[in-house]
Amino acid sequence: MKRSKYTRPAWLSEAKTGERLTTSAMIASLAGPDQRTAPAPFGHALARLAEERPEIVGLTADLGKYTDLHIFAQKHPERFYQMGMAEQLLISAAAGMAREGFQPFATTYAVFAARRAYDFICMAIAEENLDVKIVCALPGLTTGYGPSHQATEDIAIFRGLPNMTILDPCDAHEIAQAVPAIADHKGPVYMRLLRGNVPLVLDEYGYTFELGKAKTIRDGNDVLIVSTGLMTMRALEAADALREDRVDVSVLHVPTIKPLDTETILREAGKGGRLVVVAENHTVVGGLGEAVAGLLLRSGTIPKAFRQVGLPDEFLDAGALPTLHDRYGISTNAMVRSIREWL
Amino acid sequence: MSHADSPPRPNSPSLAERAYRIRRNALLMGEVQGQGYIAQALGIADVLAVSYFHAMRYRPDDPEWEGRDRFLLSIGHYAIALYAALLEAGILPEDELASYGADDSRLPMSGMAAYTPGMEITGGSLGHGLALAVGFCLGLKRKKSESFVYCLISDGELGEGSIWEGAWSASHWKLDNLIAIVDVNNQQADGPASQVTGFEPAASRFEAFGWHVQRVDGNDIDALVRAFDAAKACSEPKPRIIICDTTMAKGIPFLEARERNHFLRVEPQEWQDAIKILDAGRPA
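So the protein lines, in turn, are chains G and W. Take the first sequence: its position 275, counting from 1, is numbered 275 in the UniProt record's numbering, and each next residue is one higher. Take the second sequence: its position 105, counting from 1, is numbered 105 in the UniProt record's numbering, and each next residue is one higher.
FYI, nobody ran anything at the bench for these hints, they're computed from the structure. Mixed in with the good hints there might be a few duds.
[Said to hold, decoys possible] List of simulated lysine-lysine pairs, PhoX-like, C-alpha gap at most 25 Å:
| id | chain 1 | residue 1 | chain 2 | residue 2 |
| --- | --- | --- | --- | --- |
| 1 | W | K143 | W | K238 |
| 2 | G | K75 | W | K232 |
| 3 | W | K143 | G | K186 |
| 4 | W | K144 | G | K75 |
| 5 | W | K174 | W | K141 |
| 6 | G | K75 | G | K65 |
| 7 | G | K186 | W | K141 |
| 8 | G | K213 | G | K258 |
| 9 | W | K174 | W | K232 |
| 10 | G | K215 | G | K258 |
| 11 | G | K75 | W | K141 |
| 12 | W | K238 | W | K141 |
| 13 | G | K75 | G | K2 |
| 14 | W | K143 | W | K174 |
| 15 | W | K174 | G | K75 |
| 16 | W | K232 | W | K143 |
[To be verified] Computed list of chain W residues with no C-beta within reach of chain G, every gap over 10 Å:
| id | residue |
| --- | --- |
| 17 | S12 |
| 18 | E31 |
| 19 | G34 |
| 20 | D62 |
| 21 | S105 |
| 22 | M109 |
| 23 | M112 |
| 24 | G124 |
| 25 | E200 |
| 26 | D273 |
| 27 | K276 |
| 28 | L278 |
| 29 | G281 |
[Stated by the list, open to error] Per label pair, the in silico range of CB-to-CB distance:
| id | chain 1 | residue 1 | chain 2 | residue 2 | range |
| --- | --- | --- | --- | --- | --- |
| 30 | W | D220 | G | G146 | 51 to 61 Å |
| 31 | W | P192 | G | E263 | 55 to 65 Å |
| 32 | W | R59 | G | G187 | 21 to 31 Å |
Ideal Cβ placement from N, Cα and C applies to all residues, glycine included.
Generate coordinates for the entire structure from the input sequences, incorporating the hints supplied.
Quick look at the structure:
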C-alpha cells in the first residue's frame, strides 16, 4: 500500500514488530560492514594539492564538515571562506574570486547547488567558463531525509549547461585522483561527492582516473553494465553474484558524464550479443542512461537489449538507505534481480 | 595612463560636460535601436560621469589592467548607459557606437562580460552583482590590492534575495573595498518600484546590515563627488553604499514626463528632438 499521512504504519499493530532499519543507519558512510574505506578523500586530496597550488581557495555554505572541506580548512585556514547558509552567494563569491585569478572549490549539498544556485552557476560561472569547481555531497539517493536532501535530478539539470564538466566518482580511490585532475582542467566542473568514510574499491582493479575517460573495470560476454558513481561498486558486486549463474558481466565505468567518452562507450556497446544496462544513482530521466541511449541511437549502434538501473521519476521516500536502495532498484541485490529478469 | 594617475588638467572636460557626452552617446545608441532603456541611461549619466571621471582608476588602452578599479554592472539592461560611459572614457572606440545591438556587435543590449571590453560581469539576471562583488573584493584582498569594486544595482533589484545575501556577507567580511551604488529611479518593469513591492527604507536597511550608507541626489554632480570621496575616504571597516535618487530620462523633459518609461518607445523623429534639447543645455 502506498504510504499516506492518514494511515498508521501497519507494522505498529503487529504483535512482533521485528527489526526495522532507521534513517540514521548508514548516515555517515555508504560502506558495507566489511568494506575497506578511506576517510574524507576529497578533503585530504584538496588539502594536499593546495600545498603546491597557492591559487586554490575553498568556500562552503555552512556545510564544511559535511562535505569534508573541514580537512582543507584545518590545513589552510587562511584560504578557507565560510560563506554561511547562502548558496547563491557561495557560487557568486566563487565566481568573483575566479575572476581575480584564484581557483575556488565551492562545496554544498547537491540539491542546493542544482536547485537553489542554478541561475548563478549558469550565468556567473558556466557562461563565463570560469575555473570554479563545485563539489557536492549527497548525490542521488545517498540520504534517507527525503526529497529536500535527495539530489535525484542534479545530473539532468547540469547536463543541459554548456561548458560544464560533470563527474560522478565511484569511491575514495577515484575521488583522490579526480581532485588534481579537475584542478588541471581550466573550466567549470560539477563533481558529485561521497563523503565521510568512503568505500575503497577501484584500487583493487588497478584503476586510474582520467578526466573524460570511461574505463572497462572487468570484461564479460553476456552483459555490459555501463555505470557511474557508486553504482560502479554495485555493478562489480552484481557481476560477482551473476557469475554464480554463469552470467558473464562486463563493467564499463563512466565517471565523467559530460563530456561523455563516446568513443569507448560506442566501442563497448558495439560488441554484439550483450545486454546493455546503464546503472546510475540518479533518476532515469536525463542522466547517464538517456545520454548513452541517445548516443547509441544517433550512431546506429543497437545492442541486443538496452535497460536502465536508476531511480524512478518520483519524489522518493524517506527512510533507511538500505531499504530505499532495495525499494528503488539500486541495491546490489535489486540490480541482480533485474538483470536476471532481463536476460 | 590611468584616469587618476594625474589630476584633471585645467582644460580637461568638466564632469558636467562628461555627463552631457554620456547622455548624448546613449541617445545616439537609442536611435540605432529605436527603443530601449534610454530613460535609465539619461538618469544614471551623472553617476557614471563621477565614477569614470572622478572616482575610478583605469587605463583606457588596457581595460584589464590589474590595478584598475572594477565596475560591476549588475543591472545588465543598463548596458546602453555603461557603453556610453566606456565610449567617453576611451575604453571603447567611438565608431563602435553605431553597432549597438546589431548582429555580431560587441555592444549587446544586455551587458555581458564576454562581449565588451570594460564589462566586468554578465548582469541581466538581476540580483547577481552584489554577491559577485563579494567574491571580487575577497579576491582583491587576498592579493593585497588597493583597487575598489564599484557595483551598480537598482531599486527594483533590491527585491532579489541574493542582494541581501551579498549585503550580509560584505559586512561580515568587512569589505571596505566595496562601493555599491543603488539607482533609485522608482521605475521597474511592472510600475513604480515603491508600489510593486516597495524598497524603503533602503538606507536604514543597509545600515542595519552594517554598511556605511549615504543617500544623495544622483543628478547633482557636486553631491555625488562629495559622496564618492567620502565613500573612498571612510576609515570604518565596512562596505559602503551610495543610494542615488535619480530622475528617469533626466535632461529631456518630454521623455521625463512620459509615464511608464522603464522601456521607452521613442518615435523616429524624437531622437533628434531629444539630442537638440540636450545640445541646447550643453554645459558652458
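Tested hints:
1. Taking the CA atoms of K143(W) and K238(W), the gap is about 19 Å. The hint holds against a cut of 25 Å.
2. Between K75(G) and K232(W) the alpha-carbon distance is near 35 Å, which puts this suggested pair outside the 25 Å criterion.
3. About 21 Å separates the Cα atoms of K143(W) and K186(G), which keeps this hinted pair within 25 Å; it holds.
4. About 22 Å separates the Cα atoms of K144(W) and K75(G), which keeps this hinted pair within 25 Å; it holds.
5. For the hint pairing K174(W) with K141(W), the CA-to-CA distance comes to about 11 Å; that is within 25 Å, so the pair holds.
6. Proposed proximity of K75(G) and K65(G) is supported: the alpha carbons are some 14 Å apart, at most 25 Å.
7. At roughly 23 Å between alpha-carbon atoms, K186(G) and K141(W) fall within 25 Å of each other, so this suggested pair holds.
8. With a C-alpha separation of about 10 Å, the suggested pairing of K213(G) with K258(G) holds against the 25 Å cut-off.
9. Under the criterion of a C-alpha separation no larger than 25 Å, the hint pairing K174(W) with K232(W) is consistent with the structure, at around 14 Å.
10. Distance hint between K215(G) and K258(G) is fulfilled; the C-alpha atoms sit about 15 Å from each other, no more than 25 Å.
11. With a C-alpha separation of about 20 Å, the suggested pair K75(G) and K141(W) falls inside the 25 Å cut-off, and the hint holds.
12. Distance hint between K238(W) and K141(W) is fulfilled; the C-alpha atoms sit about 14 Å from each other, no more than 25 Å.
13. Pair hint K75(G) plus K2(G) does not hold up; C-alpha atoms about 49 Å apart against a cutoff of 25 Å.
14. Only pairs whose Cα atoms come within 25 Å are accepted, and K143(W) paired with K174(W) is accepted, the gap being roughly 16 Å.
15. As the CA atoms of K174(W) and K75(G) are separated by approximately 24 Å, the hinted pair is consistent with the 25 Å bound.
16. This hinted pair checks out: K232(W) and K143(W) have alpha carbons roughly 19 Å apart, not beyond 25 Å.
17. Non-interface call for S12(W) relative to chain G: holds, since the shortest CB-CB distance, roughly 31 Å, exceeds 10 Å.
18. Here E31(W) stays apart from chain G, with its beta-carbon at least about 30 Å from theirs, past the 10 Å limit.
19. No beta-carbon of chain G comes within 10 Å of the beta-carbon of G34(W); the shortest separation is about 27 Å.
20. Consistency note on D62(W): stated as away from chain G, and its beta-carbon is indeed over 10 Å from all of that chain's, at 16 Å minimum.
21. With a minimum CB-CB distance of about 18 Å to chain G, S105(W) clears the 10 Å threshold, and the non-interface call stands.
22. Remark: the non-interface label on M109(W) is consistent with the geometry, its nearest Cβ contact in chain G lying 16 Å away (cut-off 10 Å).
23. Taking the minimum C-beta to C-beta distance to chain G, about 8 Å, the non-interface status of M112(W) is violated against the 10 Å cut.
24. Against the 10 Å criterion, G124(W) falls within the reach of chain G, whose nearest CB is about 8 Å from its own CB.
25. For E200(W), the non-interface assignment is confirmed: its Cβ lies about 24 Å from the closest Cβ of chain G, beyond the 10 Å cut-off.
26. The claim that D273(W) is not at the interface with chain G holds, since no C-beta of that chain comes within 10 Å of its own (minimum 38 Å).
27. The non-interface label for K276(W) is consistent with chain G: the shortest C-beta to C-beta separation is roughly 40 Å, beyond 10 Å.
28. No beta-carbon of chain G is positioned within 10 Å of the beta-carbon of L278(W); the least distance is around 34 Å.
29. For G281(W), the shortest C-beta to C-beta distance to chain G comes to about 39 Å, beyond the 10 Å cut-off, and the non-interface label holds.
30. Under the hint 51 to 61 Å, the C-beta atoms of D220(W) and G146(G), about 56 Å apart, fit the expected range.
31. P192(W) and E263(G) have their C-beta atoms about 59 Å apart, which keeps the hinted 55 to 65 Å range intact.
32. Evaluation of the 21 to 31 Å hint for R59(W) and G187(G) yields a pass: the beta carbon distance comes to about 28 Å.
Consistency with the previously given hints fails for numbers 2, 13, 23 and 24, ordered from lowest to highest.
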